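Each chain, letter by letter, is given below.
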Amino acid sequence: MATSKQGLTLFNALLFFVAAGVVVQTWLLWNAVDALLAKRTAVLIPTLLGSGFVALLNGALVTFLFHFDRKLRRP
Amino acid sequence: MAKDDCKNCPDCDKKPPKWRSDFPVSWDEDNYVTRREMVKFLALGSVLLAGANAIVAAIPYLEAATTFPETPIAGAESLAPNQSLTFRYPTEADPCIAVKDKAGKLLAYSQVCTHLSCAVVYEQAKDVLFCPCHHGYFSADAGRPIGGPPVRPLPRIKLEQRGAQIFAVGVEV
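Residue numbers (the numbering used here), protein chains in the order written: chain A, 7 to 81; chain B, 45 to 217.
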């Protein structure tokens, strides 16, 4: 990362992606609860896999985010 | 600017007070949530949501592992076609209704309406289970919602005939 301004842009972009992932997970949880109450149990495992995948993706993004943040602060 | 608020800006040669180095965040800045804190909250929220989804996915498996008692239903064996009777299963706090259709097949359901938990009753003329609170209708042959506000079927009570006696042996949700 060349400058702190570029770093800020990247930080904001990744922050947006993580927030979007949390919104998707909220939607998946909503659907899982809806399916559970409607006894459509076939929906539960795909929503769990989707939510787990998004959580892993968010974890990877946050790890990357703090990694480059450390590099930027202590070049 | 008060003396204690001096941050040793370039235009001034005053030294900041010693406590400033121990407490570098000013009162106003303390109310802000930084981007780093925000992304940490979001990551924690993401993990919690995945955990909640795992709990929701595990509920049907936990319910399947639940064992139900075997309870005889008094009077079920002598029930006439197109008639119903009420009983309690699996506990005294769970009202149920048994219905014998015109063909003589005996079926049983939870009596608790899946809309807002009123008690459903059997309507002989229409051969349906009827919730009088909000005019919900369920089919008597499967407990499916067929009219009114309910959208989920009635839990079905599994029955077994042993000799002359009818037993309730489980709940199928």
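No lab work stands behind these hints, which were simulated from the structure alone. Keep in mind it's a predicted model, so treat the numbers as computed, not measured. The C-beta atom is built at its ideal place from N, Cα and C for all residues, glycine as well. Hints should not be assumed to be uniformly reliable.
[Claimed, not checked] Distance windows between CB atoms, simulated: (1) B:Val213 with A:Ala66: 48 to 54 angstroms; (2) B:Glu73 with A:Pro52: 31 to 37 angstroms; (3) A:His73 with B:Phe112: 52 to 58 angstroms; (4) A:Leu63 with B:Tyr105: 22 to 28 angstroms; (5) B:Thr110 with A:Thr15: 52 to 58 angstroms.
- Message: Check the structure against each numbered hint from earlier and tell me which ones fail, lowest number first.
- Response: 2
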